[in-house]
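*Asks:* The chain contents come next:
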Amino acid sequence: MLSLILILLASLFFSGIIIRTKSILSGRRGAGIFQPLKDVIRLFKKGTVYSQTTSVIFRIAPVIYFSSIVIALLTIPFGSHRGIISFNGDFIFFAYLLALGKFFNIISAIDTGSSFEGMGASREALYSMLAEPAFFLLIGSFALFTGHTSFYEIFNFLHLGSYITYLLGVMAAFVLVMIAMIENSRMPIDDPKTHLELTMVHEVMILDNSGFDLGLILSAGYLKFAMFGAIISNFFIVDINFGYSIPSYFAIQIIFAIVIGIIESFIARFRMSHNSQFIFALTSVSILIFFGVLLVLEKF
Amino acid sequence: MINVLLIIFIISLLFLSIANRLKTYARVISLQGFILFGVTYLQLQEINTFNLILVLLETIVFKAIAVPIFIIYLIKKNNITREAEPYLPNFISLIITTIIIISTILIANSIDDTALDKIFFVVAVSTLFTGLYFIATRKKIITHVMGYLIIENGVFVLSLAVGNEMPMLVNLGIILDIFASVLILGIFVNKIGDVFKDVDVDNLTELNDL
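Protein sequence lines correspond, in order, to chains V and G. Under this note's numbering, the first residue of the first sequence carries the number 1, and numbering increases by one thereafter. Under this note's numbering, the first residue of the second sequence carries the number 1001, and numbering increases by one thereafter.
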């Protein structure tokens, strides 16, 4: 319960901090931190326009996308508190809930009959397909390392102790942050600022959505960011006393948001043809993490 | 600590397989030289001091500094184009390098020998095959030489695994280094890259006896 409330709280300001960081770094006045929230509220008040070529899939897809993310939130623990849903192997449940939401997003984009949206859907499908083995190898390695298979137990039994485990921790943090960026369609993979349909990935898929549906998709994106921030912060806050863990959780979320803002301000997006090799490199690094875990456990 | 360095060494191979520019290749080879310096220092505890100093100097001076700088100088001097120009796309290179690493891990796991230091074996053999793969799929002669340098780094890692018992093998690895520098000097002296407009191996296929 605690983790759900904290993730919802963090999602309120997460995107705002990214946008604020970007505006400060580019020397603009910029909007306030709660501007994305106001945008979503404005969208929720509006009606929705549906194209005549779309079918029922297009109408239910945003709701399924949003609800899949909300259910995925329930599996995330907070430090020594379990998530609302917690069972052995819940990370597989988590990954495929995200995949379900993404699947409906993709077929609703194809459903509109727009060639741009089909292109964006194809790219999104490719990138998620390449990122999936990286996620499973990473969490699977941790499951092997700790001997437990749920998020709560993995985070609670994870203890780093020697040089090689620190290296594995650094590599895992890198892979996890990059997976978060891919899942949220952010900078090195996809540029949310782009104005050309040909170069968009995620943005082009939601071109036809309007009003309430668009609000749902945007708020699902904010929740997703806060969710990955919570997963990353779980690596640090398990052993900390309860009074300090909540402030440090928010500190980690804010630092994560600021880092994303800095990355988006200073790095150009990869060439579209280089994206797939970059994402596959994450899988290769995860294989090395798995190999390292085998070395640490002396099973190799 | 040795394991950490060796894992970073494998990551450098993955990075090399998706690198675009020749300068990046030279820099990664230099990084590998520094990593080998660290591994040598930590691993070779039992050989005599004079030999250890010789090996350490060789890794840091030749592998890490002199050869990469000379390669970058060559690229500039012979007007070699900056791109690596592989025959296969980088994405396939990455997949093949990953497959090489996985299969060496599997092979090492199936060998049942307590005398074998497995992580050295994995790193050495995957480096050897990755270097061979680079030689086979890159067009330019200078990238062939760099592939040879990578192979030779692999041989060096393999010799380090048994370096305490047989210091002679490490010295043999150093002789390979000298051979590689002869190859680089060959490119330098013959100014390949100046004579042909591009140093593609394609030009060699036009040779025939009348």
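In short, the hints are calculated from the structure, not lab data. Remember, it's a predicted structure, so these values are computed and weren't measured experimentally. There's no promise every hint is true.
[Said to hold, decoys possible] Not everything, but these chain V residues come out facing chain G in the computed CB check (under 8 Å):
hint, residue
1, 163
2, 285
3, 288
[What the hints assert, rightly or not] Quick list of the computed label-pair ranges, beta carbon to beta carbon:
hint, chain 1, residue 1, chain 2, residue 2, range
4, V, 297, G, 1186, 46 to 56 Å
5, V, 197, G, 1082, 52 to 62 Å
6, G, 1045, V, 170, 21 to 31 Å
7, V, 32, G, 1106, 32 to 42 Å
8, V, 157, G, 1042, 26 to 36 Å
9, V, 29, G, 1023, 17 to 27 Å
10, V, 212, G, 1072, 50 to 60 Å
11, V, 174, G, 1042, 18 to 28 Å
[Said to hold, decoys possible] Here are the computed lysine to aspartate or glutamate pairs in the DMTMM-like style, where the Cα-Cα straight-line distance is at most 20 Å:
hint, chain 1, residue 1, chain 2, residue 2
12, V, 299, G, 1085
13, G, 1118, G, 1165
14, V, 193, V, 203
15, G, 1118, V, 298
16, V, 45, V, 191
17, G, 1023, G, 1113
18, V, 193, V, 239
19, V, 102, V, 239
20, V, 299, G, 1112
21, G, 1139, G, 1083
22, V, 299, G, 1113
The C-beta atom is built at its ideal place from N, Cα and C for all residues, glycine as well.
*Asks:* Which numbered conditions among the earlier hints are violated in the structure presented, ordered from lowest to highest?
*Replies:* 5, 7, 9, 12, 16, 17, 18 and 19
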